[in-house]
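Novice: Sequence:
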Amino acid sequence: MESSLLSIETLVKKIKKEMFSNFDLYSFVSKSAYDTAWLAMIPNTQHCDHPMFRGCLDWVLRNQKEEGFWGESDSNGVPTIDSLPATLASMVALKKWNVGGTNIKKGT
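If you use my numbering, the sequence shown corresponds to residues 1 to 108, in order.
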């Protein structure tokens, strides 16, 4: 019994190693424009003029929809109601750090 348990544990470790060796940590977290924008607004504790989570600010810059909003759309491409607060939060985050002027104009 102990031998088979050890064998299973070894196999599990091997599978985990293969599965997670080249993975993106953020792939397990759903992307929410609203939440990401709020994280992007948090200042770095040691450099208040920089965001603590620069990757979140970069995500906001890169993930604006062609139509100018942030967030999800329905099957017809129409923004969902959740897109309104996501777009507002994203625009505030960009304005806070004085970046993404083109994105802000596109979102208005």
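Keep in mind that a hint or two might mislead.
Quick list of simulated restraints, FRET-style, between CB atoms [as the list claims (entries may be wrong)]:
(1) Ser4 <-> Asn63: 26 to 34 Å
(2) Asn98 <-> Ser32: 18 to 26 Å
(3) Glu18 <-> Asp58: 24 to 32 Å
(4) Leu88 <-> Lys13: 42 to 50 Å
(5) Asp35 <-> Ile104: 15 to 23 Å
(6) Leu5 <-> Asn44: 42 to 50 Å
(7) Ser3 <-> Cys48: 57 to 65 Å
(8) Ile104 <-> Gln46: 43 to 51 Å
In case anyone wonders, no lab produced these hints; they're calculated from the structure.
Where is the CB? At the ideal position from N, CA and C, for every residue including glycine.
Novice: All the hints need checking, so say for each whether the structure fits it.
Specialist: Structure-based check of all given hints:
no.	hint	in the structure
1	Ser4 <-> Asn63: 26 to 34 Å	violated (47 Å)
2	Asn98 <-> Ser32: 18 to 26 Å	holds (24 Å)
3	Glu18 <-> Asp58: 24 to 32 Å	holds (29 Å)
4	Leu88 <-> Lys13: 42 to 50 Å	holds (46 Å)
5	Asp35 <-> Ile104: 15 to 23 Å	holds (19 Å)
6	Leu5 <-> Asn44: 42 to 50 Å	holds (47 Å)
7	Ser3 <-> Cys48: 57 to 65 Å	holds (58 Å)
8	Ile104 <-> Gln46: 43 to 51 Å	violated (27 Å)
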